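Chemist: Taking UniProt numbering, the leading residue of the sequence shown gets 1, the next gets one more, and so forth.
Calculated from the structure, these hints are not laboratory results.
Just so we're clear, the structure is a prediction, and the values are computed from it rather than from any experiment.
Quick reminder that beta carbons are idealized off the backbone N, C-alpha and C, glycines included.
Worth double-checking, as some hints may not be accurate.
[What the hints assert, rightly or not] Beta-carbon label-pair distances, calculated as ranges: (1) GLU60 to HIS38: 20 to 26 Å; (2) ARG42 to HIS17: 31 to 37 Å; (3) GLU80 to LEU29: 27 to 33 Å; (4) LEU3 to LEU52: 18 to 24 Å; (5) GLY49 to PRO92: 19 to 25 Å; (6) GLU80 to SER58: 19 to 25 Å.
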Amino acid sequence: GTLSYSPPEWIQHQRYHGEAATIWSLGLLLCHLVMGKHPFRRGQEIIQGRILFPRWLSQECQDIIKRCLSMQPSDRSSLEELFCHPWVQSVPLP
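Using the sequences provided together with the hints, build the complete structure.
Modeler: In structure tokens, the structure reads:
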């Protein structure tokens with residue numbers, strides 16, 4: 001992977017837990033898709049974990065991104081929890 005998709009625990013300690021790191025990367029990808037840009041540019045920004053959301057982004061979307069990008073790996077949502085999130089559930093299936 002690239003540094004810009006690395007979770008903070010990798011940048012700080014060069015170790016990570018697979019599922020939590022995957023959820024982190026998923027959150028970054030979602031952020032990039034809905035906002036049109038990556039929320040972090042440098043390792044220090046990742047460690048600080050501050051995301052500036054545009055006003056037009058729904059609270060539900062912001063919430064799911066925050067659940068993915070929690071600084072503590074153990075606080076990140078699981079894939080199952082993300083599938084049940086209201087933002088995901090509100091999307092009609094084709």
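Chemist: Confirm or reject each hint.
Modeler: Hint check results:
| no. | hint | verdict |
| --- | --- | --- |
| 1 | GLU60 to HIS38: 20 to 26 Å | holds (21 Å) |
| 2 | ARG42 to HIS17: 31 to 37 Å | violated (23 Å) |
| 3 | GLU80 to LEU29: 27 to 33 Å | violated (18 Å) |
| 4 | LEU3 to LEU52: 18 to 24 Å | holds (20 Å) |
| 5 | GLY49 to PRO92: 19 to 25 Å | violated (32 Å) |
| 6 | GLU80 to SER58: 19 to 25 Å | holds (22 Å) |
Hints 2, 3 and 5, counting from the list given before, are not met by this structure.
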